[in-house]
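Visitor: Sequence order for the protein chains is V and A.
So the mapping is simple: the working numbering equals the position in the first sequence, first residue as 1, plus 31.
So the mapping is simple: the working numbering equals the position in the second sequence, first residue as 1, plus 62.
A couple of the hints might just be wrong.
[As the list claims (entries may be wrong)] Think about it this way: if two alpha-carbon atoms lie no more than 27 Å apart in a straight line, the pair counts; the simulated BS3-like pairs of lysine-lysine are: (1) A/Lys109 - V/Lys67; (2) A/Lys88 - A/Lys109; (3) A/Lys109 - V/Lys106; (4) V/Lys341 - V/Lys142; (5) A/Lys225 - V/Lys106; (6) A/Lys149 - V/Lys106; (7) V/Lys49 - V/Lys310.
[Said to hold, decoys possible] Computed Cβ-Cβ distance ranges for the label pairs, DEER-style: (8) V/Ala36 - A/Glu129: 48 to 56 Å; (9) A/Val132 - V/Lys93: 35 to 43 Å; (10) A/Glu158 - V/Gln64: 51 to 59 Å; (11) A/Thr245 - V/Thr236: 53 to 61 Å; (12) A/Thr245 - V/Gly343: 54 to 62 Å; (13) V/Asn353 - A/Asn187: 36 to 44 Å; (14) V/Glu390 - A/Glu129: 38 to 46 Å; (15) V/Pro370 - A/Asn187: 31 to 39 Å; (16) V/Glu390 - A/Ser118: 28 to 36 Å; (17) V/Ala51 - A/Glu129: 23 to 31 Å.
[Unchecked claim] Residues of chain A placed beyond 10 Å of chain V at every Cβ, according to the derived structure: (18) Gly107; (19) Asp111; (20) Tyr123; (21) Ser140; (22) His150; (23) Asn152; (24) Glu157; (25) Leu203; (26) Asp206; (27) Leu221; (28) Phe231; (29) Thr248.
None of these hints come from the bench; they were simulated from the model.
Think of the CB as a built atom: it goes at the ideal place given N, C-alpha and C, for glycine as much as any other residue.
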Amino acid sequence: MTVQAMTAKEVTKIVFNKEAFFILDVRNVDAFQDWKIEGENFEYLNVPYFDLLDGVEEILDKVPTDKEVLVVCAKEGSSIMVADMLSEAGRSVSYLAGGMKSWSEHLEPVKVGDLKDGGEIYQFVRIGKGCLSYMVVSNGEAAIIDSTRMTDTYLDFANSIGAKITHVFDTHLHADHISGGRVIAEKTNATYWLPPKDATEVTFTYQPLEGGNDVEIGNVKINIHALYSPGHTIGSTSFIVDEKFLLSGDILFIDSIGRPDLAGLAQDWVVDLRESLYKRYRELSEELIVLPAHFMIIDELNEDGSVSEKLGTLFEKNHGLNIADEDEFRRVVTENLPPQPNAYQQIRETNMGKITPDEERQREMEIGPNRCAVR
Amino acid sequence: MENLKANVTLDAKGLACPMPIVKTKKAMTGLEAGQVLEVQATDKGTKADLRAWAESTGQQYLGTLEEGDVLKHYLRKSSNDETIERKHPNVVTNEELQAKLEANENMMVLDVRETAEYAFNHIPNAISIPLGELEARLNELNQDQTIYIVCRTGNRSDLAAQKLAENGFSNVLNVIPGMSQWTGTTDRINN
Chain V
32 MTVQAMTAKE VTKIVFNKEA FFILDVRNVD AFQDWKIEGE NFEYLNVPYF
82 DLLDGVEEIL DKVPTDKEVL VVCAKEGSSI MVADMLSEAG RSVSYLAGGM
132 KSWSEHLEPV KVGDLKDGGE IYQFVRIGKG CLSYMVVSNG EAAIIDSTRM
182 TDTYLDFANS IGAKITHVFD THLHADHISG GRVIAEKTNA TYWLPPKDAT
232 EVTFTYQPLE GGNDVEIGNV KINIHALYSP GHTIGSTSFI VDEKFLLSGD
282 ILFIDSIGRP DLAGLAQDWV VDLRESLYKR YRELSEELIV LPAHFMIIDE
332 LNEDGSVSEK LGTLFEKNHG LNIADEDEFR RVVTENLPPQ PNAYQQIRET
382 NMGKITPDEE RQREMEIGPN RCAVR
Chain A
63 MENLKANVTL DAKGLACPMP IVKTKKAMTG LEAGQVLEVQ ATDKGTKADL
113 RAWAESTGQQ YLGTLEEGDV LKHYLRKSSN DETIERKHPN VVTNEELQAK
163 LEANENMMVL DVRETAEYAF NHIPNAISIP LGELEARLNE LNQDQTIYIV
213 CRTGNRSDLA AQKLAENGFS NVLNVIPGMS QWTGTTDRIN N
């Protein structure tokens with residue numbers, strides 16, 4: 032039996048299509064419990080590779096023969112070793128090329144809608160980490176919102192559709208992933224916009240993004256309207272694109288809301304968060320399609336792999352938008368919070384330009400889920 | 063920096079997972095029970111993996127020092143010293159020793175584990191003399207002082223206590239069970 036390499040892109044298709052799949056994860060137990068490949072019809076077996084050095088006989092009866100089996104480790108070396116052993120035992124298995132490192136870095140572009148006069152909006156689903164970024168395209172120009180550090184993906188994509196990147200936005204100073212915004216802006220001579228209240232400590236120049244700013248993309252003027260919506264961070268800003276889409280950043284997600292504690296000021300920002308979600312968003316059209324900067328669980332994916340929902344539906348169904356009592360709200364968003372993202376302080380400092388870790392270190396800092404929400 | 067002694071040093075620098083663990087497993091097979099292995103690696107993943115591997119195979123993971131890009135991991139091959147019959151008559155429990163430490167009594171705590179074990183977890187102000195070096199270093203100890211001898215489980219310290227008693231030390235107590243169950247404060251090299 033030969034061992035096949037499977038790419039993160041191929042695994043993403045399997046997740047999107049909700050296919051049945053068996054994952055043999057050979058990382059250590061802590062790493063597996065902290066973060067793994069999620070899929071609706073996935074089954075798992077976690078046995079660290081170092082318990083399999085003498086052979087795979089003990090796990091053979093737990094590895095199915097009627098399902099596709101993927102062996103996964105951190106970087107790929109150990110999964111190849113285990114996959115080879117399984118292959119020698121007569122099993123047909125694949126391994127994840129590049130391991131969880133590749134999984135964390137894979138971006139899948141999905142078109143989420145049409146804008147007026149031939150414009151389009153794409154969502155880049157970072158499936159392994161739950162980060163969502165966006166490209167708004169109109170008449171040969173493109174804007175990017177909340178980009179990840181895998182900047183080539185956006186540049187190549189813009190090239191492939193013949194668009195020139197002219198504006199780059201971050202809705203807030205990210206704490207869970209390293210922004211590619213500054214790098215993309217430098218490479219393309221685009222304008223890099225940041226909310227000034229989140230950028231008081233940044234070491235580079237940027238264009239201050241404030242509530243009421245309107246930016247036009249392309250000759251047909253796709254309007255990107257900035258809406259100040261503090262709470263996750265003090266500068267958090269949402270965008271309304273073409274009066275159709277609400278890019279909610281880390282304020283509002285599909286099945287959860289933003290957490291206010293990642294800059295250490297949870298109690299202070301609760302009031303802002305409530306004001307943004309319960310007043311400012313209430314004043315918007317319920318027909319707007321919400322496009323958040325994250326998803327938390329794989330169930331939030333639509334049939335085509337995109338993540339979006341009508342604002343009116345979220346007002347009905349999202350628990351975080353339905354807590355009438357203010358004290359109760361304060362408790363929900365400040366108590367019993369999930370653990371903070373790995374290395375979130377260093378990630379914030381990187382995004383401010385204060386530290387410049389090498390690529391390997393950046394990868395390590397981002398390992399794990401995003402954990403930006405409270406449910 | 064304190065000098066951590068290892069019986070064998072394994073160079074796994076530049077190797078990617080799974081090779082550092084494959085080589086560590088092999089090196090451990092060649093060690094005698096109770097000996098210490100130093101594994102030098104550059105793969106960051108080795109820290110969590112070596113610890114987890116040691117736990118799952120019953121070896122002792124002592125700790126890791128970071129020197130630039132190099133991680134130095136210390137492991138001790140498990141010894142079946144749980145079956146040894148202890149002979150030194152004077153013993154105290156961990157709790158009794160802790161009470162005496164808190165009362166600031168005039169006394170000495172002698173830690174007879176390997177230097178790498180001591181480095182990553184020891185009672186503050188304890189003196190480190192590994193059991194294997196004790197005979198040659200008896201002159202560093204004061205015969206008239208009360209000496210509490212500690213190791214991981216109480217067996218090496220039993221042998222050390224017997225050795226001191228044979229050499230004319232009269233106030234020697236073996237601490238049972240020792241560092242494996244110690245709940246009081248400790249010092250460590252990289253903290």
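Visitor: Indicate, hint by hint, whether the structure satisfies it.
Guide: Do the hints match the structure? See the list:
For the hint pairing A/Lys109 with V/Lys67, the CA-to-CA distance comes to about 19 Å; that is within 27 Å, so the pair holds. Note on A/Lys88 and A/Lys109: the hinted pairing holds, with a Cα-Cα distance of about 18 Å set against a maximum of 27 Å. This hinted pair checks out: A/Lys109 and V/Lys106 have alpha carbons roughly 15 Å apart, not beyond 27 Å. Between V/Lys341 and V/Lys142 the alpha-carbon distance is near 16 Å, which keeps this suggested pair within the 27 Å criterion.
A hinted pair counts as satisfied when its Cα atoms are at most 27 Å apart, and A/Lys225 with V/Lys106 does not qualify at roughly 51 Å. Using a Cα cut-off of 27 Å, the hinted pair A/Lys149 and V/Lys106 is violated, with the two alpha carbons roughly 51 Å apart. The hinted pair formed by V/Lys49 and V/Lys310 fails the criterion: a straight-line CA distance of about 37 Å is larger than 27 Å. For V/Ala36 and A/Glu129, the Cβ-Cβ distance of about 35 Å falls outside the hinted range of 48 to 56 Å, so the restraint is violated.
At roughly 37 Å, the beta carbons of A/Val132 and V/Lys93 sit within the given window of 35 to 43 Å. Evaluation of the 51 to 59 Å hint for A/Glu158 and V/Gln64 yields a failure: the beta carbon distance comes to about 39 Å. Our hint of 53 to 61 Å for A/Thr245 and V/Thr236 holds, since their Cβ atoms are close to 55 Å apart. Taking 54 to 62 Å as the suggested C-beta distance range, the pair A/Thr245 and V/Gly343 conforms, at roughly 57 Å.
The supplied range of 36 to 44 Å is broken by V/Asn353 and A/Asn187, whose beta-carbon atoms lie about 59 Å from each other. Between V/Glu390 and A/Glu129, the C-beta spacing of about 22 Å breaks the proposed range 38 to 46 Å. In this structure the supplied range 31 to 39 Å holds for V/Pro370 paired with A/Asn187, their Cβ-Cβ distance being about 36 Å. Under the hint 28 to 36 Å, the C-beta atoms of V/Glu390 and A/Ser118, about 32 Å apart, fit the expected range.
Between V/Ala51 and A/Glu129 the beta carbons are some 47 Å apart, a value that contradicts the proposed interval 23 to 31 Å. A beta-carbon of chain V is positioned within 10 Å of the beta-carbon of A/Gly107; the least distance is around 5 Å. Here A/Asp111 does not stay apart from chain V, with its beta-carbon only about 6 Å from theirs, under the 10 Å limit. Once the 10 Å rule is applied to beta carbons, A/Tyr123 is consistent with being away from chain V; the minimum gap is 12 Å.
In this structure A/Ser140 is separated from chain V by more than 10 Å, as the shortest Cβ-Cβ distance comes to about 16 Å. With a least beta-carbon separation of about 38 Å from chain V, A/His150 lies farther than 10 Å from that chain, consistent with its non-interface assignment. No beta-carbon of chain V comes within 10 Å of the beta-carbon of A/Asn152; the shortest separation is about 42 Å. The Cβ of A/Glu157 lies farther than 10 Å from every Cβ of chain V, with a closest approach of about 32 Å, so its non-interface assignment holds.
Here A/Leu203 stays apart from chain V, with its beta-carbon at least about 42 Å from theirs, past the 10 Å limit. Every Cβ of chain V is farther than 10 Å from the Cβ of A/Asp206; the closest lies at roughly 50 Å, confirming the non-interface assignment. With a closest Cβ-Cβ approach of about 33 Å to chain V, A/Leu221 is found to remain outside the 10 Å limit, as its non-interface label requires. With a minimum CB-CB distance of about 44 Å to chain V, A/Phe231 clears the 10 Å threshold, and the non-interface call stands.
Every Cβ of chain V is farther than 10 Å from the Cβ of A/Thr248; the closest lies at roughly 23 Å, confirming the non-interface assignment.
The structure does not agree with the numbered hints 5, 6, 7, 8, 10, 13, 14, 17, 18, 19 stated previously, though it agrees with the rest.
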